[in-house]
Structures are given as C-alpha cells and as structure tokens.
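Position chain U relative to chain R; hints supplied.
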Amino acid sequence: MGLIHTASRRERALWLSANVLPHEPVLRRWLLSRRLPGVDVDDVIQETYTRIIQAENLQAIRNPKAYFFQAAWSVLLNCVRREKVVALQALSDMEYLSLEADSPTPEQQVVDRDELRRLAEAIAALPPKVGEVFRLRRVHGLSQKQAAAFLDLAESTIEKHMHRSLLLLSKSFAHGGYPAADVSSSLDKDVSPVHGRSQRNRGR
Amino acid sequence: MAGRSATEVDKDAALWAVRLECGLTEQEESELEAWLACDKRHPGALARIEALSVRTERAAALGVHFRPEQFRAPRAADPVRRRVLQWSAALGAAAAAGGVWLYETEGRYSTRLGEMRVISLKDRSVVTLNTETSILVHYSGAARFVRLLKGEALFDVAKDAQRPFQVAAADLAVRAVGASFAVRKLAQAAPEVLVREGVVDVARAAARAARPLRLSANMRATAAIGDSMVATAMRPDEIGRELAWRDGRIAFNDRSLSDAAREFARYSDTRIMIDDPALAHESISGQYAANDPVGFSRAVATAFGARVEVSDSEVRLYR
Numbered sequence: 001m002g003l004i005h006t007a008s009r010r011e012r013a014l015w016l017s018a019n020v021l022p023h024e025p026v027l028r029r030w031l032l033s034r035r036l037p038g039v040d041v042d043d044v045i046q047e048t049y050t051r052i053i054q055a056e057n058l059q060a061i062r063n064p065k066a067y068f069f070q071a072a073w074s075v076l077l078n079c080v081r082r083e084k085v086v087a088l089q090a091l092s093d094m095e096y097l098s099l100e101a102d103s104p105t106p107e108q109q110v111v112d113r114d115e116l117r118r119l120a121e122a123i124a125a126l127p128p129k130v131g132e133v134f135r136l137r138r139v140h141g142l143s144q145k146q147a148a149a150f151l152d153l154a155e156s157t158i159e160k161h162m163h164r165s166l167l168l169l170s171k172s173f174a175h176g177g178y179p180a181a182d183v184s185s186s187l188d189k190d191v192s193p194v195h196g197r198s199q200r201n202r203g204r
Numbered sequence: 205m206a207g208r209s210a211t212e213v214d215k216d217a218a219l220w221a222v223r224l225e226c227g228l229t230e231q232e233e234s235e236l237e238a239w240l241a242c243d244k245r246h247p248g249a250l251a252r253i254e255a256l257s258v259r260t261e262r263a264a265a266l267g268v269h270f271r272p273e274q275f276r277a278p279r280a281a282d283p284v285r286r287r288v289l290q291w292s293a294a295l296g297a298a299a300a301a302g303g304v305w306l307y308e309t310e311g312r313y314s315t316r317l318g319e320m321r322v323i324s325l326k327d328r329s330v331v332t333l334n335t336e337t338s339i340l341v342h343y344s345g346a347a348r349f350v351r352l353l354k355g356e357a358l359f360d361v362a363k364d365a366q367r368p369f370q371v372a373a374a375d376l377a378v379r380a381v382g383a384s385f386a387v388r389k390l391a392q393a394a395p396e397v398l399v400r401e402g403v404v405d406v407a408r409a410a411a412r413a414a415r416p417l418r419l420s421a422n423m424r425a426t427a428a429i430g431d432s433m434v435a436t437a438m439r440p441d442e443i444g445r446e447l448a449w450r451d452g453r454i455a456f457n458d459r460s461l462s463d464a465a466r467e468f469a470r471y472s473d474t475r476i477m478i479d480d481p482a483l484a485h486e487s488i489s490g491q492y493a494a495n496d497p498v499g500f501s502r503a504v505a506t507a508f509g510a511r512v513e514v515s516d517s518e519v520r521l522y523r
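Those protein sequences? They're chains R and U, same order as listed. Residue 128 in the numbering used here sits at position 128 of the first sequence, with consecutive numbering throughout. Numbering-wise, the numbering used here comes out as the position in the second sequence, counting from 1, plus 204.
With the rest of the complex left out, here is chain R (with noise of 0.2 Å):
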C-alpha cells in the first residue's frame, strides 16, 4: 500500500474521526466482554481499520456504523479461523452488534460539547512537559518550528512529546471517550522515548 496524497489524508481522518472513531468505545467494550481467547482487541480494531480505508470511496459508505461492524466481524472471523481455538457459537450475538449499528446516534450537540470538557480533562491529566508542547501545538497553533523555538526545544523533542501526546489522548479515548483518570500514570511505563533520531533540518 503506497503512500497517499496529504490532502486526500486529512480528508480520510475527517471522515473517520467523524464517522468511525465515536463507534469504536461501542465497538473495543463488545470484544472486550467476549473474553475470546487468541483474540487481541487492539489487533482486531487494527486490522478492522485497515479494512475500512480499502473502501473505493469512504464517503460513499452509507452507513458507517454497520460498515465498520461488518468490518470487525469479518476480521474476528478471520482471526478465529486462523486460531482455531474459539468456538463460532462464542460469537453468535454480533446480532446485537448489527442491531446497534441501526440505532440512533445522540443528539450531536451535546454528545461534542461533553466531548470537548473530557478532551480538556485528558489534556489536563497529561504529564506537564507533555502537556505544554501539546496546549502550544493544538490550542495555540503553533507550528512544530514554533513551538520549538518557543520553549528553546530542539524540534525533536517536539515531537516526542507530541508522539507521547497523542498516544496517551488516544490511549484514554479508546477506553470510552477521554476520561482523564489514571491515563497517564498507567501508560508512562508503556511509552518509552522515540526510538533513536537523529538531527534533521524540519525547515520546510
């Protein structure tokens, strides 16, 4: 799979952030309460996601709830198929999976105004450093050039923080939105600096 073009990228995570991420707390807490064996979660909605941006068109997908359901049961049954340890019957209410898929989403309004308060409690619970780099970046618009010149970093460390960032906001985002509890202290062990990199000129 080559690389694809920046703005058609951004286009592609509009699209999912919109349409795809609010499902997969509803999603990654179905597969989590399977308990099936051999089955890694983070791995199915991996490979589930992989699946999704195959899509001719993403925006032709008409319903993309029940698209991205769809997706993680054939990957499931893949991943079942390959293990061969669980029994299919384990799997039998995905039923309720597609019935989900039909079910209306909440007023959005103020599903993103409660989005934005844990958004701000997630960034609020990030280490200081972590924190800093990231309020400089995503509230005030700075640039990684900026930023870096800002705080008297070197643009590296930018962007390990930022790295460390999106890792932990996405870290508390799969656990059902952005509670802020205890994200970054369970994940500081799991999150080691960026593996090496040498000075590079960024001054593009």
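Please keep in mind that the hints were generated in silico from the structure rather than gathered at the bench. Just so it is clear, the structure is predicted and the values come from calculations on it, not from any experiment. Glycine included, every Cβ here is placed at the ideal spot set by N, Cα and C. Do not take every clue at face value.
Said to hold, decoys possible - With a cut-off of at most 30 Å between alpha-carbon atoms, the simulated DSBU-like pairs for lysine-lysine come out as follows:
1. U/Lys363 - U/Lys326
2. R/Lys129 - R/Lys145
3. R/Lys129 - U/Lys326
4. R/Lys129 - U/Lys363
Claimed, not checked - Residues of chain U placed beyond 10 Å of chain R at every Cβ, according to the derived structure:
5. Ala249
6. Arg259
7. Ile488
Leaving out everything else, chain U in the frame of chain R:
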C-alpha cells in the same frame, strides 16, 4: 498476528502521524511505505491515529485562555485549591459585573492598528503592547516565556531569580531576572532590544554556543548580519523618546520627515505622502500625538512653508 504487539504498532503509528504532519523526508517516505506494507494492522493503525489526531484539533475550541488546572479532577484532600477556585470564580463573576483587575496569564494578546494595551501578568510583571502587536504568553513552573510575534512591547519584569523571564522575537532570545526593556519586531527592520532598567541578556538563537550579550540600562542591541549583534549606548532621554508611545505619542529628535512619515504609518491607516524630495529630507524634532497624522502634517507644513491636502486615506505634503 504474530510479531509486534498492538501497543507497539500504535506507538509506531503515532510517531508516523506526528512526522506526517510536519512533512517527511524522501528516506522517511520509503521507510513509511515499507512499514505500511509489512503488517496488515499498520495501515489501519495509522489511519486511526491520524483520525484521533484530527479529533484533538478540537482542543483549539478551548481557546487560548484554557487553563488545564481547572479541568483536573479535584483531589479529596485539597481544601486550599478549592478555596482558590471559589475565589477565582467569584473574581470572574465580579469581573463580568464590571472592571475588577484580574491577573492574566497564558494566552495570546494583541493590539490593532493605533491601539495600546497594558497586560498585568500573574507574577505582577507588566507588559505594554504598542500598536499592531501580538504576543504569546506561556508560564510554567520553571520559566516565564513570551513570544513577540510582531510589533513592539515593553516588559516590566517582576524579579524572580527562580524563573527567568524569557522573550523570543524572530531569532533573538532575551532573558532577564527582573528588568524593564522593550523588544521590537517590525516589518523591514532588524529586531532589537532596548533596556530601560536592570540587566538583560540577549542572544541570537542561531549562535546558541556564543555567550549572550549582556546589556545594562540605556543600551540597545540590534540584530546584525549573520549571527551577530550590535550594542549601542543611549542617553536616558533617547530611551524616553523611543518609548514615548506609552503615552500615545511619537517623539523625534532630528529625524527626517520621511522617517517620521514611516513612523506615523505604524499607528494609523492615514498615510503621510511627501511629494517633494527636499521636503522629505527636512529634519524635525518634537513630540506628536501618534494617532493624529493630520495634526502632525499641519504642524510640519507651518514650520516648512508647505501645503497640506487631506483626503480619506492620506495626507499630502507639498511645496
């Protein structure tokens, strides 16, 4: 799905997402292509984390005055903090009711053309913004940072040896413990620093290894060719003239009329046009209201026997 764990895949994906945002080198592009091709979880993990990254852009809606501490889950045994919060809530309400002095901290502060603004920061440092100026203030436990994005600002820095006050303007890095100094970053002029009181260290970012230039009161440092700086001594009355804008005035001492016209253009949309080259070279001195280019032009016309023609957007001086 043997190989790396999903957590490691997410870690790689997040790193690619951050790099993609700033643009990749050719080598990185081929590395990324190889990474995407080697595991069927990779493309999805990247697409997902990019979507999450886009989602965090909503943080911009929190606004530049967003204070994370207000969103931190309150700890049970923290009565002091709660009191502070109640107090600040009360202050906020009072401020909304009318004009209570609030100590401002983090954020972006700007002035429009011809506007001037005094900002009192929470450490009791005071920043005065001249016309068309924009600064970004960022305080942390270890330091006080201000970036002068454009324009001119006077910093009256409250002394705090533990937290140096740092101002960055273009590639100038200014550092003080407690001092009063002005920093300028104007279009078509080299950035400069004027020290009114105290001691200020100035360095060029590109020449980080070099020792910073130490300026004391009544000195000016101007960025020069390469990574160098030029320091010059000034008389106290010169500094006073340079900072006359704080009183809404522009002060000249033996400056050409064309210089003066350019200076007035910083404060107003009304341009002073001087058609006669000889007139443009005439020298003037004195203090004038910064927001009144027409009044200035009339005074000049009287002094040099010139005529004034005023229209909507300009004042024409001719003989």
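Here is what the structure says about each hint:
For a cut-off of 30 Å, the pair hint linking U/Lys363 to U/Lys326 stands: about 13 Å separates their Cα positions. The hinted pair formed by R/Lys129 and R/Lys145 meets the criterion: a straight-line CA distance of about 17 Å does not exceed 30 Å. Using a Cα cut-off of 30 Å, the hinted pair R/Lys129 and U/Lys326 holds, with the two alpha carbons roughly 20 Å apart. Taking the CA atoms of R/Lys129 and U/Lys363, the gap is about 24 Å. The hint holds against a cut of 30 Å.
Its closest Cβ contact with chain R, about 4 Å, brings U/Ala249 to no more than 10 Å, contrary to its assignment away from the interface. Interface exclusion of U/Arg259 from chain R breaks down, the closest Cβ pair being 5 Å apart, not more than 10 Å. Look at U/Ile488: its CB is around 39 Å from the nearest CB on chain R, clear of 10 Å, so calling it non-interface holds up.
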